[in-house]
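Engineer: The residues making up each chain are set out below.
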Amino acid sequence: MNPQFLMDGLIAGAMIGLGAIGVTLTYSILRFANFAHGELLSWGAYLALALSGGLGLLSTTLSMPIGPFSFGWSLPLATILAIILTGLLALAVDAVLFGRLRSRGSAVIILVMASFGVSLALRSLLEFIFTSKPAYYTKALQIAVKIGGGLRATPDQLLSLGVALVAVVAIHLLMTRTDIGRSMRAVSENPALAGIAGVDVRRVIRVVWFIGAALACIAGIMTGLLVQIRPYLGHDLLLPLFAAAILGGIGSVPGAMIAGLIVGLSEAAAVQLVGAEWRAAVSFVILVAVLLLRPRGLFGRAA
Amino acid sequence: MSLDLIAYAAFFLTMALTYAIMCLGLNVQWGQTGLFNVGIAAFVAIGAYVSALLTTPDAAGRVGGYDLPIAVGWIGGALVAGLAAWLVGALTIRLRSDYLAIATFGVAVTVQLCVLNLQPLTGGAFGIGFIPRPFGNLASDPLAFGLSNLALMAAVVLALYLALQHLAKSPWGRVLRAIREDETAAQALGKRPIRFRLQAFTIGGAIMGLAGAAQGHFIGFIAPDNYLPILTFQVWAMLIVGGSGNNRGAILGAVLVWGLWALSAAAVSAFVPPEQQARAASLQIVMIGVGLCLILLLRPRGILGASNALASLTGRRTRKFKE
Amino acid sequence: MTVPALQTLALAAGYEPDLPIVRGVDLSVAPGELLVLLGPNGAGKSTLVKAIAGVVPVHSGNVLLGTRDITHIAAHGKIGEGLAFVPQTENIFATLSIHENLQLAAAVLPRSRRGEKIASLYQRFPDLATKSSRPAGTLSGGQRQMLAVARALIIDPRVLILDEPSAGLSPKIVAEVFSMLKEINADGVTIILVEQNVKAALAIASRAVILVEGKIRHEGAASTLLGDPIIAKLYLGTSQPQEAQQP
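Chains as they are written, first to last, in my numbering: chain A, 1 to 303; chain B, 1 to 323; chain C, 1 to 247.
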């Protein structure tokens with residue numbers, strides 16, 4: 001077996017992990033499985049595409065590749081704007097739909113169903129605007145460099161791994177060391193008591209949407225950069241995201257990242273052993289195994 | 001001309017009725033039990049492929065092809081789809097309500113993958129052809145063929161409708177309703193909610209399998225593309241429009257939404273230039289998604305709505321604060 | 001006459017919009033009082049204090065804290081007004097450490113005052129200080145109650161409301177909790193206490209209010225209520241007049 005699959009699995013796993021952190025946070029605090037989370041990845045990727053395209057038109061120097069990477073400054077700049085816009089998109093959907101259903105005291109499953117409708121609408125809207133033809137941030141080709149141990153990776157891939165690592169550490173510190181992180185954990189355990197203890201639950205919910213969407217946006221852009229941008233980009237990652245969030249234990253940030261890497265590496269191993277056409281089934285197998293053996297996941301608390 | 005029109009109407013209605021069967025299956029799961037299934041397409045596909053394998057003539061390079069009677073195929077399809085539903089349900093129904101949704105989503109992805117990749121069994125991307133059609137001996141007379149198929153499908157829907165109505169009024173249906181209204185009270189009465197939910201989910205899955213088998217035999221040809229997630233969305237739209245919990249609404253919703261879908265698709269192909277048709281089709285789906293959300297927000301009882309199943313779930317529930 | 005620390009004016013409240021459980025309560029609590037709310041099961045005691053704390057919807061009427069109308073301020077906003085509430089069950093965050101429980105509540109204070117405030121509470125509850133980094137879920141019943149009260153005290157509340165703090169505790173621990181409440185009250189904090197444990201509650205209370213079917217049926221000094229055989233029999237579930245005793 002070619003050890004290169006480790007590198008591929010690590011990179012895919014990092015993207016799944018980032019997305020899964022968003023799923024696990026929104027799941028534990030909003031208390032429903034958001035089927036539209038995948039679409040936040042896709043929207044993040046397309047928003048960055050449109051914005052970096054726009055910036056490239058403004059100034060051609062912005063689209064000149066930076067150092068060893070395949071993209072120019074227009075992409076990092078667009079990423080920052082796209083993160084904000086994706087966050088605002090999530091907040092807008094919550095304001096018009098989920099928030100209203102919540103304040104009405106709707107059952108969890110109604111929120112799940114609404115998220116299903118949102119995912120359909122958002123995905124097809126992307127298809128309508130950008131068509132289903134794959135798009136790319138850059139046409140530049142990249143050459144994989146040797147990084148030791150017989151492994152190769154492109155500079156873009158290494159950068160993505162670095163960004164994922166920084167993002168995970170940052171979110172972990174936010175959750176454990178800051179007021180807002182503590183409030184988020186409190187709301188996740190008991191929203192009514194959090195209110196009594198002085199936590200503004202609605203503000204916490206807005207922060208969670210924004211963070212989840214921001215991470216989704218970063219994961220979407222990374223996927224778009226390393227693979228390609230398609231309207232189904234996020235939808236196709238949704239099952240791996242759910243599998244990683246549940247495997248890691250709902251609410252656990254490190255759990256989601258570790259589980260994301262496990263899912264990514266298992267997929268890469270399956271591609272080697274069984275064949276690429278079965279990659280998408282790996283998450284399902286993992287999901288079934290977790291639900292069967294340890295429904296609360298690796299790091300989750302007992303329900 | 002008018003005979004052609006009748007033949008077309010018969011074809012359209014027969015198709016709509018196959019969706020009505022799926023909708024009735026979903027109604028047992030969601031409308032009567034509150035179980036959210038995001039993998040309808042998977043159960044329909046299982047029914048269609050199993051029935052096709054049982055009834056098609058032997059073909060070179062493909063497993064199956066047992067050349068059995070159509071009725072055997074229908075029953076086999078329903079049984080295997082029911083078994084799949086039972087497995088998924090047994091795994092997840094005891095867990096949080098949305099784990100079932102996630103699991104069914106996984107089933108949909110996986111079944112689609114199997115159908116595409118298990119070429120010796122399913123014919124891969126090309127699917128399975130030469131599925132025997134009911135009243136195939138009348139195929140030379142489109143009108144008689146169409147009308148007899150319509151009559152058959154209508155009879156199936158009617159029988160299913162009567163059976164489900166009977167079931168809803170039976171002690172079993174009453175327990176199901178009691179569980180939906182107040183799980184703890186039902187539990188206190190000695191009913192085991194998990195077992196009843198699992199039974200309802202299995203029955204619903206089997207009915208979806210039957211629908212898949214019936215549809216496959218009516219068209220005579222099946223391929224993976226027929227069982228994409230969009231099918232799941234369509235059936236949901238049908239049930240929500242018809243008003244969940246209500247069997248008559250489920251049938252009516254299926255005919256109505258299928259009619260709207262076919263009509264708007266026809267309009268798209270007639271009025272939209274060919275290079276823009278894919279875009280227009282995606283706008284069609286945006287509308288289904290937005291419509292689903294709007295109904296949840298504004299008309300939780302459905303457009304024709306008669307039942308309060310969905311309404312009781314969207315209504316004011318502050319139970320968690322109760323003493 | 002001084003302004004009451006807290007009063008409700010014709011307050012009606014309940015979980016369902018058409019089903020009031022509290023039905024027109026005029027309650028007035030003087031500054032520095034330790035008021036105990038008594039009454040049979042289902043009388044609406046718990047609902048009344050939850051409505052005051054903003055956890056149960058108010059249908060009509062008003063809640064005044066001092067002269068300020070706080071009826072429609074959300075639960076978390078009432079903390080800022082100086083009203084603290086300790087629910088009966090699940091009143092601590094079991095997955096957060098003891099220190100984090102206190103930090104969470106201290107977040108409403110200016111940053112400069114948080115550390116000193118938490119330190120002063122550790123002084124008052126030394127049991128909590130020794131276990132500060134442990135998950136709160138590992139505490140015993142009595143310690144949980146201490147933590148819940150400490151959490152409520154962080155804001156130096158003007159009014160502290162407790163919903164059955166003695167529930168599920170052994171008599172020895174109940175005595176500890178009640179003596180702690182008496183100390184807090186002696187420091188000038190107005191306390192409203194919902195209790196089933198009539199004898200112990202009346203022993204520390206200055207005044208008692210008896211709620212029946214969502215309305216106030218009786219009120220008076222704790223000592224008189226204890227001495228009234230009819231009231232004792234009807235509402236307090238005891239046939240013998242109780243003697244006030246200091247814990």
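Worth flagging that the hints you see were computed from the coordinates, not collected in a lab.
Hints should not be assumed to be uniformly reliable.
Straight-line C-alpha distance at most 25 Å; calculated DMTMM-like pairs for lysine to aspartate or glutamate [said to hold, decoys possible]:
#1 C:K117 <-> A:D200
#2 C:K117 <-> A:D179
#3 A:K133 <-> A:D236
#4 C:K131 <-> A:E277
#5 A:K133 <-> B:D225
For clarity, every value in this text was computed on a predicted model and none was experimentally measured.
Engineer: Are the Cα positions of C:K117 and A:D200 separated by 25 Å at most?
Structural biologist: 21 Å, holds
Engineer: Sort out whether B:D225 lies within 25 Å of A:K133, counting only the CA atoms.
Structural biologist: 18 Å, holds
Engineer: Is the Cα-Cα distance between C:K117 and A:D179 25 Å or less?
Structural biologist: Cα-Cα ~16 Å, so holds.
Engineer: Would the hint linking C:K131 and A:E277 be met if the CA-CA limit is 25 Å?
Structural biologist: 54 Å, violated
Engineer: Given the hinted pair A:K133 and A:D236, is their Cα-Cα distance within 25 Å?
Structural biologist: 16 Å, holds
The structure shown violates just one earlier hint, number 4.
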